[in-house]
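Protein chains in written order, with the working numbering: chain R, 573 to 913; chain S, 3 to 198.
You may find that some hints are simply not true.
Stated by the list, open to error - Straight-line Cα separation of at most 25 angstroms, DMTMM-like style, residue types lysine to aspartate or glutamate; simulated pairs:
| # | chain 1 | residue 1 | chain 2 | residue 2 |
| --- | --- | --- | --- | --- |
| 1 | R | Lys642 | S | Glu12 |
| 2 | S | Lys194 | R | Asp604 |
| 3 | R | Lys642 | R | Asp604 |
| 4 | R | Lys642 | S | Glu145 |
| 5 | R | Lys642 | S | Asp23 |
| 6 | R | Lys581 | S | Glu160 |
| 7 | R | Lys642 | S | Asp21 |
| 8 | R | Lys581 | S | Glu196 |
| 9 | R | Lys581 | S | Asp187 |
| 10 | R | Lys642 | S | Glu140 |
| 11 | R | Lys581 | S | Glu165 |
| 12 | R | Lys642 | S | Glu196 |
| 13 | R | Lys581 | S | Glu140 |
| 14 | R | Lys581 | S | Glu145 |
Said to hold, decoys possible - To give an idea of the chain R side of the interface with chain S (calculated C-beta under 10 angstroms), a few residues:
| # | residue |
| --- | --- |
| 15 | Gly620 |
| 16 | Gly622 |
| 17 | Met679 |
Simulated from the structure, these hints should not be mistaken for laboratory data. The C-beta atom is built at its ideal place from N, Cα and C for all residues, glycine as well.
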Amino acid sequence: MMTCRQIEKELSAYIDGELADAARAEVRMHLDACDRCRRHLAQLEQLGNGVARLPQLAPPPGFAADVRRKISGNDTQRSWMDVVFRPVWLKVPVEAVAVVAVAVGVMFLAQHQQKRQACICYTTANEVSAASATLEARKDTDALSQLSERREVADTAPAPSGAPEPVAPASPAAVKRALALKAEPAGRPLERGADASQMTAGGHAGRASGTDATATLALVDNQQRMLIERETVLVAAVNPSLAEERVRELLNPLRGAVVEVKKGGPMPHQMRVRVPSALVAKFKEQLAEINADPRLRPGLVRSRQLAAVATDEKKMTEKLEKPEEEPMTELEIQIVEPLKP
Amino acid sequence: MESVSSTDRELVAQAQGGDDDAFAVLVRRHQGRAVNVAYQLLRNEEDAVEVAQDAFVRMYRSLGGFRGECEFTTWLHQIVVNLARNKRRWWWRHGRERTESLDVPVESGDGEVNRQMAAASDPADVELGKLEFVQLLERRMAELPQNLREVLMLRNVEALRYEEIAAVLQCSVGTVKSRIARARDALRAAMKDEWP
Numbered sequence: 573m574m575t576c577r578q579i580e581k582e583l584s585a586y587i588d589g590e591l592a593d594a595a596r597a598e599v600r601m602h603l604d605a606c607d608r609c610r611r612h613l614a615q616l617e618q619l620g621n622g623v624a625r626l627p628q629l630a631p632p633p634g635f636a637a638d639v640r641r642k643i644s645g646n647d648t649q650r651s652w653m654d655v656v657f658r659p660v661w662l663k664v665p666v667e668a669v670a671v672v673a674v675a676v677g678v679m680f681l682a683q684h685q686q687k688r689q690a691c692i693c694y695t696t697a698n699e700v701s702a703a704s705a706t707l708e709a710r711k712d713t714d715a716l717s718q719l720s721e722r723r724e725v726a727d728t729a730p731a732p733s734g735a736p737e738p739v740a741p742a743s744p745a746a747v748k749r750a751l752a753l754k755a756e757p758a759g760r761p762l763e764r765g766a767d768a769s770q771m772t773a774g775g776h777a778g779r780a781s782g783t784d785a786t787a788t789l790a791l792v793d794n795q796q797r798m799l800i801e802r803e804t805v806l807v808a809a810v811n812p813s814l815a816e817e818r819v820r821e822l823l824n825p826l827r828g829a830v831v832e833v834k835k836g837g838p839m840p841h842q843m844r845v846r847v848p849s850a851l852v853a854k855f856k857e858q859l860a861e862i863n864a865d866p867r868l869r870p871g872l873v874r875s876r877q878l879a880a881v882a883t884d885e886k887k888m889t890e891k892l893e894k895p896e897e898e899p900m901t902e903l904e905i906q907i908v909e910p911l912k913p
Numbered sequence: 003m004e005s006v007s008s009t010d011r012e013l014v015a016q017a018q019g020g021d022d023d024a025f026a027v028l029v030r031r032h033q034g035r036a037v038n039v040a041y042q043l044l045r046n047e048e049d050a051v052e053v054a055q056d057a058f059v060r061m062y063r064s065l066g067g068f069r070g071e072c073e074f075t076t077w078l079h080q081i082v083v084n085l086a087r088n089k090r091r092w093w094w095r096h097g098r099e100r101t102e103s104l105d106v107p108v109e110s111g112d113g114e115v116n117r118q119m120a121a122a123s124d125p126a127d128v129e130l131g132k133l134e135f136v137q138l139l140e141r142r143m144a145e146l147p148q149n150l151r152e153v154l155m156l157r158n159v160e161a162l163r164y165e166e167i168a169a170v171l172q173c174s175v176g177t178v179k180s181r182i183a184r185a186r187d188a189l190r191a192a193m194k195d196e197w198p
């Protein structure tokens, strides 16, 4: 004998005639004896009748003609999105091509990155030799001995033999590539030095001339790993121009130089500055203080935490025009709108 | 030569052979069903007509792949339901939920659209307040989840059997049975103050 709860579960199928004969007979027998389930059944039937009476819509005149027009492609009201994505026979190939294109792009970038790393090693090796030649020309014995020690410890690979070749200092472009090595672990400079010796012969012949100072910078970077760092710092300020002014004020005593300023457009207000590495921590503290400046952050505006992002080697080297005598850190400062509370 | 007395299967076969007039007969034969199913799912005349037309266009372009494993009407229902779902997703992505009042006159680019209120044609129903009941029911239907609204519409408006609904929605008969029961229970609960 089925309970009322069990019967209620079957009532919907009962009124639709979808119950098997045995179940149907059992439900009917229960309904004969149960007022509550009969009321439930009546309500379900009323609902079904009501749904069947819902407003209906008849096709407008010209419906079939419109279909024919769409089929023949004369529907001028279709948007380009419809044209591109609506037909299934076109949609699937377009998506497939997009997937393949992305996959090929990723593979290309991965391979390109590997080749670039290899290129950096070779160029850097040449830079060391170029710097060596430059230093010899300048009679800079201290630096030369330093470089020589590196090579001796590095490997048994032959050092450049004989008299120094005519001075052919590193080109600015090569120096920039050398600087891109900043991401290498600091504990492995000697391996690169060994490679440098092996790949040096004739490596820098025919290059455009640069300056001694530039070559020295390359040497310092490769031997001592006083690498230029770069990171992006976000400064939250409702008044970007005022914030920029404050950053410039901070730079003055630090002997920093504003390399680049970008304003307007969809990107945040950007400044690219270089400050001595030893003073970076203090400088960033002062940047953080800008966030607390009441002129820049009035009322309820909430502070946004300073954030460092991954370095960009290529952009970092592009903006270098002259060497520094001490390690410098380049900061890209993005002045953004504060988050609303 | 196609004729209005031909079966759907015969007309489909002729259309697959390149007879566009046969397909036109199919369109005229089933346009009312397509438009109304779309309307029941969208409650918006303009979009319902567009969905119904697009369904026929899609069917025409897919005729070569139709092997007659189901009825033409089942195929039509499948496409209309899928396109209506797509339209609702489009609404959702564009931040709008299209609804309309039953009191607003219906107009479209092709002229006046004939929305029919079945209950309104029966004066006795009006006297008994059933028109108001249906209008309230329409609002409650609109609040149901899409999958429950679909099964209830296919059952009570299109009068399809559970097996046919399962074929349209490509689910099991048990699922159809369960969804219909849940949809009716939800409506019954929502209308609890309206029972005489």
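Practice task
Have a go at the methionine 679 (chain R) hint: is there a Cβ in chain S nearer than 10 angstroms to its own Cβ?
Solution key: For methionine 679 (chain R), the interface hint is violated, since the closest Cβ of chain S sits about 32 angstroms away, which is over 10 angstroms.
Handout entry: Agreement of hint glycine 622 (chain R) with chain S interface, Cβ distance less than 10 angstroms
Key = holds (4 angstroms)
Exercise for the section: Starting from lysine 194 (chain S), check that the Cα of aspartate 604 (chain R) is at most 25 angstroms away, please. Expected result: holds (24 angstroms)
Problem - 25 angstroms limit on alpha-carbon distance, applied to hinted pair lysine 642 (chain R) and glutamate 145 (chain S) - result: violated (33 angstroms)
Exercise for the section: Measure nothing beyond the straight line between the CA atoms of lysine 642 (chain R) and glutamate 12 (chain S); if it is 25 angstroms or shorter, mark the hint as holding. Expected result: Holds, because 24 angstroms separates the two Cα atoms, which is no more than 25 angstroms.
Exercise for the section: Given the hint that lysine 642 (chain R) pairs with glutamate 196 (chain S), test it: the Cα-Cα distance must not exceed 25 angstroms. Expected result: violated (45 angstroms)
Problem - lysine 642 (chain R) paired with glutamate 140 (chain S) [C-alpha distance capped at 25 angstroms] - result: violated (32 angstroms)
Exercise for the section: Below or equal to 25 angstroms on CA atoms is what counts here, so check lysine 581 (chain R) against glutamate 140 (chain S). Expected result: This hinted pair holds, its Cα atoms lying about 24 angstroms apart.
Practice task
Would you mind confirming whether the straight-line C-alpha gap from lysine 642 (chain R) to aspartate 604 (chain R) stays at or under 25 angstroms?
Solution key: Roughly 57 angstroms between the alpha carbons, so the hint for lysine 642 (chain R) and aspartate 604 (chain R) is violated.
Problem - lysine 581 (chain R) paired with glutamate 145 (chain S) [C-alpha distance capped at 25 angstroms] - result: holds (22 angstroms)
Problem - Residue hint glycine 620 (chain R), partner chain S, criterion CB-CB below 10 angstroms - result: holds (5 angstroms)
Practice task
Please work out if lysine 642 (chain R) and aspartate 21 (chain S) have their alpha carbons no farther apart than 25 angstroms.
Solution key: Holds, at roughly 17 angstroms.
Of the numbered hints stated above, those contradicted by the structure are hints 3, 4, 10, 12, 17, listed in ascending order.
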